[in-house]
Amino acid sequence: KVNGKTQVVDTDPETPLLYVLRDDLKLNGPKFGCGLSQCGACTVIMDGKAIRSCATEVKAAANRPVTTLEGLGSVKKMHPIQKAFLDEQAVQCGYCINGMIMTTKALLDTNPKPTDSQIKEALAGNLCRCGTHTRILRAVKRASGQKV
Amino acid sequence: MKNELSRRQFLQGAGALVVSFSLFPTARNIFAAEFATLPSGDIDPQSLDSWLAISPDGSVTFYTSKVEIGTGTITALAQIVAEELDVSFERVKMDSGDTSRTIEQGSTVGSRSIERAGPQVRQAAAAARQELLKLAAARLKAPIDKLTVQNGVVSVVGNAANKVSYGQLVGGKRFNTKITATGSGFDMKVAPEVKAKDPKDYKIVGQPVKRIELPGKLTGEHVYAHDVRVPGMLHGRVVRPPVVNTEPTNIDESSVKNISGFVKVVREGSFVGVVARTQWAAIKAAEALKVTWAEPKTKLPANADALYAYLKNTKPARTQKAVEKGDLAKAFAQAKKTYQASYRWPFQMHGMIGPSCSVADVKGDKATIWSGPQGPFRTRATVATILKIPEQNVRVIYHEASGSYGRMSTDDGAEDAALLSRGAGAPVRVQWSRQDEHGWEPKGPAQLDEIKAAIDGEGKLIAWDFVDYGQPWSASGSTPLLASLQVGIKPNNPGGSNGTQGGGDIYAVPNQKIVAEQINWHFPEPIPLRTSNLRAPGDPARCFASECFIDEIAADLGADPVEFRLRHTAEPRGADCLKAAADKAGWQKRPSPAPAQSANIAKGRGVALTRRANAYAAAVVDVEVDRSNGNVRVTRIAISHDCGLMVNPDGVKNQVEGNVIQGVSRALLEEVAYDERSVTSLDWKSYPILKFPDVPEIDVVLINRPEMAALGAGEPATIPVPAAIANAIFDATGARLREAPFTPARVLAAMKEKPAGNQKS
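Each protein sequence line maps, in turn, to chains A and B.
Under our numbering, think of the first position of the first sequence as 983, with each following residue one higher.
Under our numbering, think of the first position of the second sequence as 163, with each following residue one higher.
Isolated chain B, as found in the complex (with noise of 0.2 Å):
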């Protein structure tokens, strides 16, 4: 409490000495009763010192609702906050997420943190660096521009002697410095006017420095918002229905009043939660309450076929266009050949190894939320809709869930734990059962992409007609997550667009048109499975279905895939990403499908190219596809990134590595099973995910360029995978997968419908 108090006091004026906060905090914050709620949000980003700290031994303390998801974010802005204040890396702390402490930046989502909030807190630590030259200049009585910092501290150039240290100028006392801070969220400008350094001169930024958290999540000091407590705190779990959509007609409190430590039934609306002493009576009342739930209202299609052409039949709600260019229908008219071709893409969940776990304390009209959504402010907005109270009596601290890919987005967690302590009177923890995560975390859509294309007579692509269909996020930023729709806040939206790239934008032709068709998803009734952003949402399907389709038309054309891509690259940093991966492979010309094998396990190659948010990945694979069984093997993957400036090489490394880990497990074994009542994969076992036998050797090839801002390496590695290894697979059999995972039965209908039917017309 003391610390809190001493940051708002401080940022209110009252003089208090800054004290240093902890991102990682120690057993006793935790622990201790020191969390009561408190005004929360609505720092003035335009005050310096809403942005940072100095305390009195020099050590730097920043401020930002931006969070660590497991990806390293928080690691690389440190180090952007050490090089433009030229502090060592060891004396910047991070203080992140919490919402009364921090400006809002936005959600940690989208490979947008450190393209976006990077400026934001590169510029605010460059503005007190020029706030601390001026107070330097005037103590050490030289001009600014005879000035030069080291580590901290401030020197006269040519008189080392003459120094002053940051701690001296200006440790626990307030800038009391305006600067300029406009527009909101992710578009925020900070400070633009201050000069910040010249890439040229970056010491810190560029390096491979280890991980901030790293050592507390080895030895298991790291507090994960799975593992706060607080005192008082009861346990609850949610009852959701064995069937979507449907509300209790009864509850049986009987049913659970023999468990030791049972506390209360709460019921609001159609939700159902039982709340326990421990979290053992919790789950083992959870599983006795006995509800008789109606039936559902709205069904879902009962299988795959079902939905494809629920996806390509239903009216689209909105139509968005990336690419529109040329005349499409004079171009197909004059062409020397034309394909089409259609790619089927399932839903598929974030899976998250931790469930969702938040605890929450209500308390009146004020709460207190101790989660890890990636948007803490969007779950402050949520919670205090559901509890109907003012957003700024809501407040959010932020804990490191599990690695959530965008599942964190959506904080449903935080939801439950508001209502179950309300209801209880007392401090809730809930956490989600393995079942209860498989069944409800909201899914990544799914998609149907049909392509339609056009060569002229020498054989470059002249007509591009690529139409995706596919649903939006029913649970995003401005739609009710699942407890409020249990409650009965209704959705006025259908939800978050499911985006347009990868669709063949990278590709330069004539005549082209790139949509996204909006298929509503049951709205506005409620939605009877979930979806929302999964990692590079929607990318990963378009990109198979481009990336795949621009591999039949090479094929077609006897034309070596790498080569044929090369005609048609649209901008140099393309064609250099997809030299780079080709190079690290060990690519040899040749068309593709390879020479007819005789052996069982056929070995094949292929390769795909992406560009999101700016950023290019480009993916060779090897496979070795089991001729008598269907069975694919992923042996090697080259990848190629080139993401601007790198602020920390080996944590973009580790991203890339993961998102094509991630890719292999999304096009081998990833898929959703549901019927018309509800999901049915409700574990590990009906939905794995790769496991390590079965991980590839992965080359990484990082493409630096310096003289670029530095854009995000969260999502886009792992987009071109699935189309890479469907055209490996292609090259080892002559069999196309048109519909992912490619599982061993795919694979055999493929290897036994081949050659590919419908590619010619």
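Isolated chain A (complex conformation) (with noise of 0.2 Å):
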């Protein structure tokens, strides 16, 4: 069940979930950036956690409830999390945004008013290489309500 709808793959069951996504699904949210589940691009939420999707077989994922980027908005209607990262013009080339706004959607869920190093801690797993932390970090206590 991906995004809210169910869907029936026809596929190699120790298929990573990322490739069903990606080209059977043609969901282009998540990433493939490693397959070694170290840098958080594939990130998606799987029963409210934020799992990485480049090492999870899709059998894993059978009759679950799995949401990708795009089951959170779309450009004409963000959501808030999409949006804050948009105010704060949060990203440079974007590879990595999907993990960052898929983990912060599984932090907020659990804990709407993270303080800053529980949003780093929560994070750490993420890597950026454009260097945008600061703008991320920022983007994420707007998204929370808080004070940037």
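Calculated from the structure, these hints are not laboratory results.
There's no promise every hint is true.
[Stated by the list, open to error] Derived Cβ-Cβ restraints for the label pairs, each shown as a range:
| no. | chain 1 | residue 1 | chain 2 | residue 2 | range |
| --- | --- | --- | --- | --- | --- |
| 1 | B | Glu838 | A | Ala1037 | 30 to 40 Å |
| 2 | B | Gln750 | A | Lys1008 | 53 to 63 Å |
| 3 | B | Lys525 | A | Thr993 | 26 to 36 Å |
[To be verified] Every beta carbon over 10 Å from chain A, so not counted as near; a handful from chain B, in silico:
| no. | residue |
| --- | --- |
| 4 | Ser250 |
| 5 | Val315 |
| 6 | Lys351 |
| 7 | Pro354 |
| 8 | Gly368 |
| 9 | Glu409 |
| 10 | Pro410 |
| 11 | Asp467 |
| 12 | Gly621 |
| 13 | Asp738 |
| 14 | Trp846 |
Every residue gets a Cβ at the ideal spot worked out from N, C-alpha and C, and that includes glycine.
Since each chain comes alone in its own frame, lean on the hints to assemble the complex.
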């Protein structure tokens, strides 16, 4: 069940969820970064937790709710987290930003007013090479309704 | 297809209406079968219609071969277009990086896009405005100097009702106007005779406009190179050798025959790849394919000491002089005191978060490439060469890739995809594995820098002798890329220069020599560890050496590091930049090191200044050094930045912040590991980069100089960061780091060694 819609795919059950989301369901939000759970670019939310879709076999997602970046909002109707990232211009190349937003979503769902260090810890497994970290931190604060 | 044909027919005078082109193609035109190969490139730069088109609704489409690589360049260029034409920013669309629709303006590299392409874009837009005013004057029956433009509507001064819009004047039609355009690429001069706006009248340039493409990046709607899919597309993966520079002696295809979805093995020379129906099948086949590789012919230096010895002891292929003045021998003979030191900088990675990825569709003697190169025309040339077809038969369609910091100047993926597509007879998408990207991306060269200097009785620098030893870029604009080497294309030169700036050229010293010795890297043998331009190529290392050395001398003289620099800065802009960072940081005047500290955590501050491509940046860094384990934490950085006139201050700030964080990462963590056979840093664990918990506070000071031309911001701010950190570690502990990165082991070793050993003579 992806973004609230039940999907049936015919694939090798060991295929990483990421390739099924991208190639079979044409969801481009989650990105391939490392295939090793080291960078976070492929993050999606399953059962309320931010997980690495590059290292999760699709069979593990059978009959479970998966949310991708597309499930949050669109350019026409952005989710408040996406809007906060836009307001802070917290993107450079944006390749990692799916992971930042999805990890933030999972964080704020369980901890709506995180402290600076809680945000940093939550995002510690998400790599950004452009160095957009300080803007991302501000965007997460803003998304949580705290003073930036 | 309709759009594509319309554009070409339009330029050929077929009279088709202008259709609007989106920089960010919708799913419709990505997935539709509309990308049949067209004759590519070679649009006439002397035709105004080649640069821009105005739609009936008055929106402006501007065509440029410059590309968005995550740095905000395209947004800034759009601001320049909107400004010159007096249309609102929202009405400008940028059509970027398609070799069949744009003029080659040079690659998006070297902090040169705003500096070089900015004036080209401005003048083309100004020429269009001039033409529009001529048409309006005839239509409104008023002289040009009585006309005014607001938001794309021309009216007569004092009679606002007498008006006509750009759309009404030329919407959907050709200008049919010739403009002058001489030279090529970076150096192309476009319509220099046309008078552009006075910067005093700028309303859009200079504003912190929001980046055009960010909304789609935040929702998954932005189509990256990795997101391109074309009908009938297969998935490929290259099987790289486990050791460098070797050839397959045997390929056992039976090892992959049973993989569901496997299509075929493609081999050309030592290039081996697999093609499959799905990504997963391609990955499994690439892993399973049994290839026996020959032992490599050339070997790497086995470790850092062997590498730096190679740099020091190999005869330079050429000497590049950045500065040479005065009489060094005489100055050293008359010196009150002389100093010398040497500094080491390792191979570092670009480290794209998304690995190389391209799609190719090769049909007969034509090819279409979807990829994210910094130079689409460079990709056109390399693909044409490897396929042995005319350049004009290759069309490169740009889609942004992962942020690349120079890595996508060398579009290896496009060549891989082209070979696999030709071999498979179908469009093929190739995405590199993380291990392949880490192992095979061309690295920023290692550097060894040696400096000697002398002071007179007043503590003024009278001699400065700086030598940088480093490799050229074996993968560059003039040398074969990875697949090209594997199919047997030989380099005819050792590659591009790693630059000469940052070696103390910002200081006025009467007797001064700054040279970069190019140490060839196993040329003409195939290259065992590829090198290329990494953000601000060569400058972070040269600045690390020169700005630490200045600090060593200041410390020896008991001088304040900022004040000592100010005694020698050659230009007022350099001094202003340095003072701005020091002021922001609340710099307290005193010599380094700081008075002895008893706590385990020693605190220090350090400074460094640099100039690159005529932009200045200065950093003041606060660090905390854990003396028990040598761990360095950068807590705060004040950074000042002067890139002339700022087109988009928030864009500049975003770049400066990113440069600073990348600089901290390179200074503290980054060093490519290798052995005699190959690179051994093959993932983010073996090549870590800075993570959120270690990101410092950053205070940016932007110095705007509207009286100057606009310069680049994509690189300068990263350069002074490593030097400033090393100086801060010295300030905190009295230990001098002369080799990057500043790992806990190196910090502990330097603390044992202090006071700094070889600085005095």
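Here's how the hints hold up against the structure:
1. B/Glu838 x A/Ala1037: 30 to 40 Å: holds, 32 Å
2. B/Gln750 x A/Lys1008: 53 to 63 Å: Taking Cβ atoms as reference, B/Gln750 and A/Lys1008 lie about 58 Å apart, which means the hint holds.
3. B/Lys525 x A/Thr993: 26 to 36 Å: Given a distance of about 29 Å, which is inside 26 to 36 Å, the answer is holds.
4. Ser250: holds, 19 Å
5. Val315: Its Cβ never comes within 10 Å of chain A, the nearest being 28 Å, so this holds.
6. Lys351: holds, 31 Å
7. Pro354: Holds, because the least Cβ-Cβ distance between B/Pro354 and chain A comes to about 33 Å, which exceeds 10 Å.
8. Gly368: B/Gly368 clear of chain A: closest Cβ-Cβ about 17 Å, beyond 10 Å.
9. Glu409: holds, 27 Å
10. Pro410: Per Cβ check, B/Pro410 is outside 10 Å of chain A; nearest 24 Å; holds.
11. Asp467: holds, 29 Å
12. Gly621: Since the minimum Cβ distance to chain A is about 37 Å, B/Gly621 lies beyond 10 Å and the statement holds.
13. Asp738: holds, 25 Å
14. Trp846: violated, 4 Å
The structure is inconsistent with hint 14 alone, although it conforms to all the rest.
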